[in-house]
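Colleague: Next come the chains, spelled out residue by residue.
Number of protein chains: 2
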Amino acid sequence: MSLLTVPRRCALAGALLLGAALPAAAGPALDAAASDPVALGWMQGFPPPDDKLIGQPDANYFSFPKLRWTVCHFRELLPTKRVSRGLGAPRPLPYALDAGIDALRFTPLGGGAPMSWADALAANYTDGILVLHKGRVVYERYAGCLDEAGVHGAMSVTKSLTGLLAEILVAEGRLDEQAQVASLIPELAASAFGNATVQQVMEMTTGIAYSEDYSDPNAEVWAYSAAASPLPKPADYRGPRTYYQYLATVRPEGRHGEAFAYKTVNTDVLGWIVARTTGQSLTDLLSARIWSRIGAEQDAYYTVDSIGTPFAGGGLSAGLRDLARVGQLILDGGMLDGERLFPAAAVERIRAGGDRAAFARAGYRQILGGSYRGMWWVFHNPHGAFAARGVHGQTIYIDPRAEMVVVRFASHPQAANAANDPTSLPAYQALAEYLLGKP
Amino acid sequence: MSLLTVPRRCALAGALLLGAALPAAAGPALDAAASDPVALGWMQGFPPPDDKLIGQPDANYFSFPKLRWTVCHFRELLPTKRVSRGLGAPRPLPYALDAGIDALRFTPLGGGAPMSWADALAANYTDGILVLHKGRVVYERYAGCLDEAGVHGAMSVTKSLTGLLAEILVAEGRLDEQAQVASLIPELAASAFGNATVQQVMEMTTGIAYSEDYSDPNAEVWAYSAAASPLPKPADYRGPRTYYQYLATVRPEGRHGEAFAYKTVNTDVLGWIVARTTGQSLTDLLSARIWSRIGAEQDAYYTVDSIGTPFAGGGLSAGLRDLARVGQLILDGGMLDGERLFPAAAVERIRAGGDRAAFARAGYRQILGGSYRGMWWVFHNPHGAFAARGVHGQTIYIDPRAEMVVVRFASHPQAANAANDPTSLPAYQALAEYLLGKP
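So the protein sequences, as listed, match chains E and F.
Read left to right, the first sequence gives residues 1 to 439 (the UniProt record's numbering).
Read left to right, the second sequence gives residues 1 to 439 (the UniProt record's numbering).
Worth flagging that the hints you see were computed from the coordinates, not collected in a lab.
Fair warning: there could be bad hints in the mix.
All copies of an identical chain are treated as equivalent in the list; a pair is satisfied when it fits inside any one copy or across any two copies.
To be verified - Derived pair list, reagent style SDA-like, types lysine to any residue, alpha-carbon separation capped at 20 Å: (1) Lys-52 to Arg-241; (2) Lys-52 to Pro-240; (3) Lys-52 to Arg-276; (4) Lys-52 to Gly-279; (5) Lys-52 to Gln-245; (6) Lys-52 to Gln-280; (7) Lys-52 to Asp-31; (8) Lys-438 to Pro-382; (9) Lys-438 to Ala-362; (10) Lys-438 to Gly-369; (11) Lys-134 to Glu-253; (12) Lys-438 to Ala-416; (13) Lys-134 to Glu-403; (14) Lys-52 to Asp-213; (15) Lys-134 to Leu-93; (16) Lys-438 to Ala-103; (17) Lys-438 to Gly-384.
Next up, chain E with everything else stripped away, as it sits in the complex (with noise of 0.2 Å):
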């Protein structure tokens, strides 16, 4: 199926969902200032201007500059299920606030003069950063349309948290990551998942014919978004209707188990295997085993598809104070106040890595001798660090020996984050450095 077939309003409202990398104005991005969701009036007054509308009508609410406003408002647009926080108080983060992290210099990937910690803030448009070390506040920021009451979204950073619901069950022994994907999810067994592992799932090493190419009128990713919208389709539509429906329909291409590519619909097969094998959904699971045990300050969401399914590869809303429990959780190994939420074994999982040469096969050079598992991106340097990374530069950046975690909402004009890389991870990098020996 390709862009001629699929009604591209349903296509757009649905790629949307994914963090598309839709056709930029020409000419150089506004800059974090001057593009400044509050500043621009977007949605401001009753009713807000015209030329500041971002709504259902406009099928553009994810192009940049809207899409500053639109990271924090997810809910406003789109259908969407609750991760609940619980009924209890929420479990406050020590604090230890270090003025000196600002004046932090380093040098950007590909060389280029130093900067400064605070400079990269503006260069990667964050909206929120939060450094915990040793479980304490270091440092705490918010920009564009984010303060520490809001949330925002995570886009695949998402997917990290799929993979962690996963690696925990494998953990605990109730999903065998060897099992062949037919056997869990019968519907899948005619797409090309049907045979894959679920461990090549969880490595994205599955061999599908699947572009998430944009620029590709002919990308199966249409399709995918078309299928994945929760608005009502047109009278004439014809395709998958679902997510579950969408993913039935792919087909093989290449094999399983050879290189890692790095595709969303890996991580909704992901979802649904967790919520066939719990009986709940992925936000209800979510919940009960993450949101409601780490004392958050609020319910996050995802965004779902026309019968509710939650998008398990990037739909996830959240506080950025509750992702960085999330991290910290994380970094000590399932342990939080003594008692353990999860086996230990499922993190070290995710630590220890994936296949190396499928994912050098993949040529991502900010993460040269990386690797890609439990949907987590590892890095193999001397500090261990781990992250996870969504589009237009979302993460939960774990530094075990620097016993520091990184979480980073943003809204760079540019999707892929290969566009901000080169003035963040050297900046986290040196931060950790800074931080290592600190009491």
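We have chain E; now place chain F onto it with these hints.
Modeller: Chain F in isolation, oriented as in the chain E frame:
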């Protein structure tokens, strides 16, 4: 504009937001146990079976018995806007449960055999009910789709919160209830609302050509509903696209101030006035003035139109305990833990009631001698009771003499409260008399 010119898909999507009583299947409705949404298996499984799906392809999601699931899940079907509880710890509700309440007996309105309080709950398809006496929880039950950690559509109870916010602004001198609407919202100058006063809007005594009779295909509610829908409109749609645009089209009929007529559009005008007056959306204002101040356990939310306007006339979903906190705050005239959250005059004005002669002309047989003020129903009974009321059985019922607050969520097959009033209003009165004189 009639149904003939409004695409039916759009109209239905919006109409369902209003809690429209769509034509029911022939024969008596399933009882509460037989229509239990969990027992019926709606939306269970990954994916749910086709005959258990309730989603966007199905424009009938607010028909009985599906509505018994939908009332807890509006956000999964529609875009919504949050009412933040803030980030603090919830304020615990004190408990003093009274096991004697279930056996309390009363005689239904209109006669019939006496029935027990407990039996009335099932008869009324109650999803959750909580009673505060002197600020302590003496009764709490959940059923159907609801539990203590869930939220439920408040339907037109929403109106009373819009009205409370407006009464607060009046009491604070920020809103002149004698002002003409056109002086506050110039966009409404040419509409029927233009030369009405704010008070006439707040008492729903405006003279407007607007019918909410869903059995009439020419009723204005269909065009209103199409305008209100947040879903993308068909390419050939030419009508108003937002609440605000629709309100500007309402034509006059009759004279302002003569008769009470329960028409939701009045509340949407009031919501517009409140937002324009304060510079805050209803959701943000409700959070700032109430939700973040009462120690709420959960965020609430509103459904929105295509430009994010919260549905002032019926869009709220909230937790039962939080609605009880709101009711207690109102009973206490704006005081909480020794702090004044809003002027006592705001509640005094509501309790004093509206124009009883104007109200009588509407012929509400269950509320003879009553009135409507600040979007609250005032019974003018010996206990001074007043209530927020929403279709299918939602209520905040406040009895000042008995120092009692009853909050109830329900999913009665019939929308009109005339269907559940006979077995609920006398139950509340019996409970009030039972509680009178208790410590």
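Colleague: All the hints need checking, so say for each whether the structure fits it.
Modeller: Against the structure, the hints come out as follows:
1. With identical chains, the CA atoms of Lys-52 and Arg-241 are at most 20 Å apart between copies only, with a shortest distance of 16 Å across copies and 32 Å within one.
2. In this homomeric assembly, Lys-52 and Pro-240 come within 20 Å of each other (Cα to Cα) only across copies, at 18 Å, whereas the closest approach inside a single copy is 34 Å.
3. When the C-alpha separation of Lys-52 and Arg-276 is checked against a cutoff of 20 Å, the pair qualifies only between copies, where the shortest distance is 17 Å, while the shortest distance within a copy is 43 Å.
4. In this assembly of identical chains, the alpha carbons of Lys-52 and Gly-279 lie at most 20 Å apart only when taken from different copies (16 Å versus 43 Å within one copy).
5. In this assembly of identical chains, the alpha carbons of Lys-52 and Gln-245 lie at most 20 Å apart only when taken from different copies (16 Å versus 37 Å within one copy).
6. For the homomeric pair Lys-52 and Gln-280, the shortest alpha-carbon distance between copies (16 Å) is at most 20 Å, but the shortest distance inside one copy (40 Å) is not.
7. Taking the shortest alpha-carbon separations for Lys-52 and Asp-31, only the intra-copy value of 19 Å comes in at or below 20 Å, while the best inter-copy value is 49 Å.
8. When the C-alpha separation of Lys-438 and Pro-382 is checked against a cutoff of 20 Å, the pair qualifies only within one copy, where the shortest distance is 18 Å, while the shortest distance between copies is 70 Å.
9. In this homomeric assembly, Lys-438 and Ala-362 never come within 20 Å of each other (Cα to Cα): the closest approach is 37 Å inside a single copy and 74 Å across copies.
10. Taking the closest pair of Cα atoms, Lys-438 and Gly-369 never come within 20 Å of each other, the shortest separation being 29 Å inside a single copy and 74 Å across copies.
11. Taking the shortest Cα distances, Lys-134 and Glu-253 never come within 20 Å of each other, neither inside one copy (45 Å) nor across copies (69 Å).
12. With identical chains, the CA atoms of Lys-438 and Ala-416 are never at most 20 Å apart, being 34 Å at best within one copy and 66 Å at best between copies.
13. Within a single copy, Lys-134 and Glu-403 get their C-alpha atoms as close as 5 Å, which meets the 20 Å cut-off; across copies the closest is 51 Å, which misses it.
14. Taking the shortest alpha-carbon separations for Lys-52 and Asp-213, neither the intra-copy value of 30 Å nor the inter-copy value of 36 Å comes in at or below 20 Å.
15. Taking the shortest Cα distances, Lys-134 and Leu-93 sit within 20 Å of each other inside one copy (11 Å), while across copies they are farther apart (36 Å).
16. Taking CA atoms no more than 20 Å apart as the test, Lys-438 paired with Ala-103 passes inside one copy only; the shortest distance there is 17 Å, against 65 Å between copies.
17. Taking identical chains as interchangeable, the C-alpha atoms of Lys-438 and Gly-384 lie at most 20 Å apart only when both belong to the same chain, with a minimum of 18 Å there against 65 Å between chains.
Checked against the numbered hints above, the structure breaks hints 9, 10, 11, 12, 14 and satisfies the rest.
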